[in-house]
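Participant: Each chain, written out:
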Amino acid sequence: MTIQEKYKARVKELLSTGAVKMVIGYKPGSTAERRRPLFMRSPEEADQLVLDTACIANLAGYLVAEGLLSDDKRVGIFLKPDGIRSINILAAEAQLNIDQIVVLGFDIDGQEVNALEGESAGDFSALIESIKDHAPEAPRNPLIEQIEQMNPIQRFDFWQTEFSRCIKCYACRQACPMCYCRRCIVDSNQPQWINTSSHTLGNLEWNIIRAFHLSGRCVGCGNCDRACPVNIPLRLINARMGQEVLGAFDHFAGMSETQEPVLASFKKDDSETFIL
Amino acid sequence: MSESFEPKIIAFVCTYCTYTGADLAGTSRLKYAPNVRIIRLPCTGRISPMFILKALQQGADGILVSGCHPGDCHFTHGNYHARRRWMVFRTLLDFTGIPSERIKFSWISAAEGHKFAELINSVTDDIRKLGPFDQYKNLIRETEAPATL
Amino acid sequence: MAKIGVFICHCGENIASKVDCNKLATSIGEHPGVAVALDYKYFCSDPGQERLKKAIKENNLTGVVVAACSPMMHEATFRKACAEAGLNPYLCEIANIREQCSWVHTDYDMATQKAMEITRSMVEKVKRNNKLQPIEVPVTRRALVIGGGIAGIQAALDIANAGQQVVLVEREPSLGGHMAQLSETFPTLDCSQCIMTPRMVEASQHPNIRLLTYAEIESVDGYIGNFQVRIRMKARYVDMSTCTGCGDCITKCPTKKISSEFDCGMGKRTAIYTPFAQSVPNIPVIDKASCTYFKNGKCKVCMKSCELNSINFDMQDEFIDLDFGAIVVATGFQVQDNSVYGEYGYGKYKDVINGLQFERLASASGPTSGKILRPSDGKEPENIVFIQCAGSRDCSKGVRYCSKICCMYTAKHSMLYAHKVHGGIAQIFYMDIRAAGKGYDEFTRRAIEEDKAAYFRGRVSKVWQENGKLMVRGVDTLLGKPVVIAADMVVLATAMVPQPDAKDFAKTIGIGYDEYGFFNEAHLKLRPVESSTAGVFLAGACQSPKDIPDSVAQASASASKVLALFSKDKLEREPVVASNNETTCAGCWGCVLACPYNAIEKKDILDRSGKVIKRVASVNPGLCQGCGTCVTFCRSNSLDLAGFTEKQIFAEVMAL
Ligand SMILES: Cc1cc2nc3c(=O)[nH]c(=O)nc-3n(C[C@H](O)[C@H](O)[C@H](O)COP(=O)(O)OP(=O)(O)OC[C@H]3O[C@@H](n4cnc5c(N)ncnc54)[C@H](O)[C@@H]3O)c2cc1C
Ligand code: SF4
Ligand code: SF4
Ligand code: SF4
Ligand code: SF4
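These protein sequences, in sequence, are chains G, F and V.
Residues in the first sequence are numbered consecutively from 857, following the numbering used here.
Residues in the second sequence are numbered consecutively from 317, following the numbering used here.
Residues in the third sequence are numbered consecutively from 20, following the numbering used here.
The set of hints was computed from the structure by calculation and includes no laboratory data.
Positions of the beta carbon are idealized from the N, C-alpha and C atoms, including for glycine.
Keep in mind that a hint or two might mislead.
Claimed, not checked - No farther apart than 20 Å at their CA atoms in a straight line, the calculated lysine to any residue pairs in the SDA-like style are these:
1. G:Lys-929 - V:Asn-600
2. V:Lys-319 - V:Asp-258
3. V:Lys-666 - G:Gln-1046
4. F:Lys-347 - V:Ser-36
5. F:Lys-453 - V:Ala-674
6. G:Lys-1123 - V:Gly-531
7. G:Lys-862 - G:Ile-912
8. V:Lys-666 - V:Thr-81
9. V:Lys-633 - G:Gln-951
10. G:Lys-1123 - F:Pro-386
11. V:Lys-630 - G:Glu-922
12. V:Lys-150 - V:Asn-600
13. V:Lys-526 - G:Ser-1121
Stated by the list, open to error - Pair by pair, the computed Cβ-Cβ distance ranges are:
14. V:Asn-149 - G:Arg-1038: 19 to 27 Å
15. V:Asn-149 - F:Gly-375: 28 to 36 Å
16. F:Asp-441 - V:Glu-77: 24 to 32 Å
17. F:Phe-321 - V:Lys-22: 32 to 40 Å
18. V:Lys-544 - G:Arg-1082: 53 to 61 Å
19. V:Glu-32 - F:Ser-344: 58 to 66 Å
Chain G with its partners taken away, still in its complex shape (with noise of 0.2 Å):
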């Protein structure tokens, strides 16, 4: 059987036992490399389900759409190792409940689709443990490493000819997990802190004060950087600061539901070496 017969099958076991409201999945898209999130709430709307290796976004966020948990009924999900550290996220920042969620884990590697052990997010955290170990080695985006060679007149204007093109449709926050604010901060005007109009001094205070915003929380699903339309490479930036955050503080965003935010917790010895 095939994974994604595998995993159908399993889903209309667990949605006509009742055992969960919804599951959030994936249908094909407008073309073949797209896919679609497919919310199935009858065993026979899973007959629509695609696992494949173009199911590559983290569905996390439609979990935190209001209403959908409060009223305490479990909610399958299909989610990448990413996914379910943003499950983790979201829990520790009290956004969900993370027993309401019934993960159906996958892995994609190379042209395969791998099924993950395990339905609570708990069942995942030695994977976790495992990604962080590798973290250091794992393979950085040449482009980072690219910007840093660059002094930063150069990076000024790399990044200034990128976050040009912004026009503030503020896609790559509505497809952010973790951008569940509220009200977001661009949106906060007493006073409003970040220039709105999409000339270049607010695009580039919006970008930096978002990426602030998700270090430490970003876990590299990149929904950001493909919900773009003009195509900013958000994910560098992201994922620079997730480097940061490991190398400076040991914090790899979405261990476990009970995982400190980095940003509300310190240590005393944390490093001050660039402190006069």
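Given the coordinates of chain G, assemble chains F and V with the ligands onto it according to the supplied hints.
Facilitator: Frame of chain G, contents of chains F and V with the ligands only:
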């Protein structure tokens, strides 16, 4: 870079340590460069990355953020929280091309009037050497819409 | 429309010599929103303040900036003047153009320019200032003292003697703490029991003190002036209201072989017991864990022996809920468990004991009635080796600090030994002799010169048994030679460590602690008796190792802080506190975690039917100290800090 370039530097400091240290530099009649404008806050924990961005928008060529030494925070650990944020924010700015050399952080206690005066001089010198932050100023110029409240 | 008044002070020549005050007044006078700008020689003087008040009234000012010396100097003065002129004092801000401008710059034009910018920035801030009221919190005039050692007793007595109510909570069956265990005390060698017992009795009989022994703190809520505390009264199985403390039950109890905690294992006690003869209250408790009835369901000998029918095996733990205005924490210390010193044979050789056990041996009311007899065979030791710093100043054993009292009590022990056993030889290994204190150095000199204690400067590497002797191998670093001494007994000057449950206890109370578990003071130098939580004070060895005089001094200091707090009906605090926008808060609890004062609570927002629709952060203004750490954390910008609001700071920066 013209000879007479005088950098504009904006400082964010906590009231209990660095602000009081700056007062001490005054009562001790130490002399230092007049380029820095201080914004007083209760604690380094109150200093938001947003302030730094706004200071840059106002044409600052350099920024200074300063508070109590670790262990001395009036609010016990506001400065520990601040230190983490700065660590992260600084890397972020550097990665986006806003050089760390322009954003300085320091611990200055209420007793360190001398350290304050020396720091202001050395930061001013450093920024003067770096020259005006033209790249950022160009952005500001492109921004027609003035910030409003 | 803002009508701001700007008052530029010359401070004699202090400002005027470097800043063109006149020009400053003219140009700031043209700044939008500025209704009046005046300069004057001394605004802090009476006529200066009168000018300011007059200008406020005449121009109906909505805000004031005084460009003068540092706010640390005269902010209070000018705010008061504003209030007297009918303007909310928090609508006044200071532009510091003296300490941070005229005094530190030499160039007249540049200084004037800087003064102008500082003042302008303040004008923009003050336009956005809000009228604030000092925060008033009512004060419950009752103090909770936790821990009935000498520190707790002293604090309770001081507060009670000043006419205030105190509840003194001790978790053991009796008051006394460690001091009750001591024999004689340095530096005067007076008998510890003799000075302690009257204090314990006084505390138990004081009309303003309610004594709760065998009791523990279950939970603490609230904040300064208004703590709600739940106290667990552990079941004693003896009715305190009828028991007269005759002790018949104790004599009859067949379970007699229990190692006595009070005697540090050097003596025995029964299952129903009082820790020591002079216990206060003198009412026994049944130790459930060793009582034959509780273990086997048969016995009740004590119950039969009690003529007053005071024994009740069905007793349960009870809870008492009380409100308090202030808390004094005086939970003391423990001695380190010396089994970490395998090389010294503690726990292996009976005659290797610790300092506290030696106190019990030397105590007239102790297991040997004050005779120094070695535990193994009850013989008088002909020589004793004392090892100082057995635990202290030894990173490898986890204690980096100096326990402060061991040099002194070791000297004391050598003297007591010399006085009690004629011809006895006391040999002491030490690292340094730290005898700083009134009469302390004289005391150690006496031990050396009169009582002939032999001091070796060096550490001991090993203790082992050979031919019925304890062989002590150390080094005399002053002679540069190894030393081996055959001893009859070895006494370890054990480190003072925090109570084993200190960290959990600190979390219950909501105070900070250091890496070891000693409680943190708000400021090591300037606020050594306050904890970081307003309204909670520290006394005695729970904060750091201390001797009796220091413990008592800190206890009295804590009491005076409590009394100062109780001298008012209401507390007034600066209104610099955070508040939250409940509409935009996402309930991520980052602020809850970041707040150094646990001032942020989780609040349920209910719909009309009482169902929780969301949970948001809510700042308790009684606990908030106004650091603003939470405000900076909040991604959605939901929090703000009065006096330093987002709008104010934004405007300040944008004016530069
Ligand atoms: C061997 C030795 C010899 C010493 N000799 C001298 C000397 O000669 N002269 C001198 O000045 N000092 C001497 N000291 C130091 C002296 O013992 C201390 O300074 C003193 O006992 C400190 O008093 P305290 O009240 O702070 O603590 P403690 O005496 O430890 O009292 C604390 C009390 O709090 C109670 N408690 C703890 N936790 C709780 C809780 N959670 N709830 C309720 N109650 C609780 C404990 O049961 C105890 O009764 C000696 C110490 C030692 C170890
Ligand atoms: S960018 Fe920041 S404030 Fe906006 S939604 Fe994302 S986390 Fe929230
Ligand atoms: S998705 Fe791209 S264009 Fe849209 S706001 Fe984000 S960065 Fe800007
Ligand atoms: S940090 Fe902000 S959003 Fe999060 S709980 Fe606190 S107030 Fe609410
Ligand atoms: S301002 Fe500081 S003390 Fe007040 S609630 Fe926020 S973090 Fe806590």
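Participant: Now, for every hint given, state plainly whether the structure supports it.
Facilitator: Results of checking the hints against the structure:
1. G:Lys-929 - V:Asn-600: Status violated; Cα separation ~30 Å.
2. V:Lys-319 - V:Asp-258: holds, 15 Å
3. V:Lys-666 - G:Gln-1046: holds, 6 Å
4. F:Lys-347 - V:Ser-36: Distance of about 15 Å is within 20 Å: holds.
5. F:Lys-453 - V:Ala-674: holds, 17 Å
6. G:Lys-1123 - V:Gly-531: Judged against 20 Å, a Cα distance of about 14 Å means the pair holds.
7. G:Lys-862 - G:Ile-912: holds, 19 Å
8. V:Lys-666 - V:Thr-81: holds, 17 Å
9. V:Lys-633 - G:Gln-951: holds, 10 Å
10. G:Lys-1123 - F:Pro-386: Between Lys-1123 (chain G) and Pro-386 (chain F) the Cα gap is close to 11 Å, so the pair holds against 20 Å.
11. V:Lys-630 - G:Glu-922: holds, 16 Å
12. V:Lys-150 - V:Asn-600: holds, 19 Å
13. V:Lys-526 - G:Ser-1121: holds, 17 Å
14. V:Asn-149 - G:Arg-1038: 19 to 27 Å: holds, 24 Å
15. V:Asn-149 - F:Gly-375: 28 to 36 Å: holds, 29 Å
16. F:Asp-441 - V:Glu-77: 24 to 32 Å: Between Asp-441 (chain F) and Glu-77 (chain V), where Cβ atoms are some 48 Å apart, the hint is violated.
17. F:Phe-321 - V:Lys-22: 32 to 40 Å: This hint holds: roughly 39 Å between Cβ atoms.
18. V:Lys-544 - G:Arg-1082: 53 to 61 Å: holds, 56 Å
19. V:Glu-32 - F:Ser-344: 58 to 66 Å: violated, 18 Å
Checked against the numbered hints listed earlier, the structure breaks hints 1, 16, 19; every other hint is satisfied.
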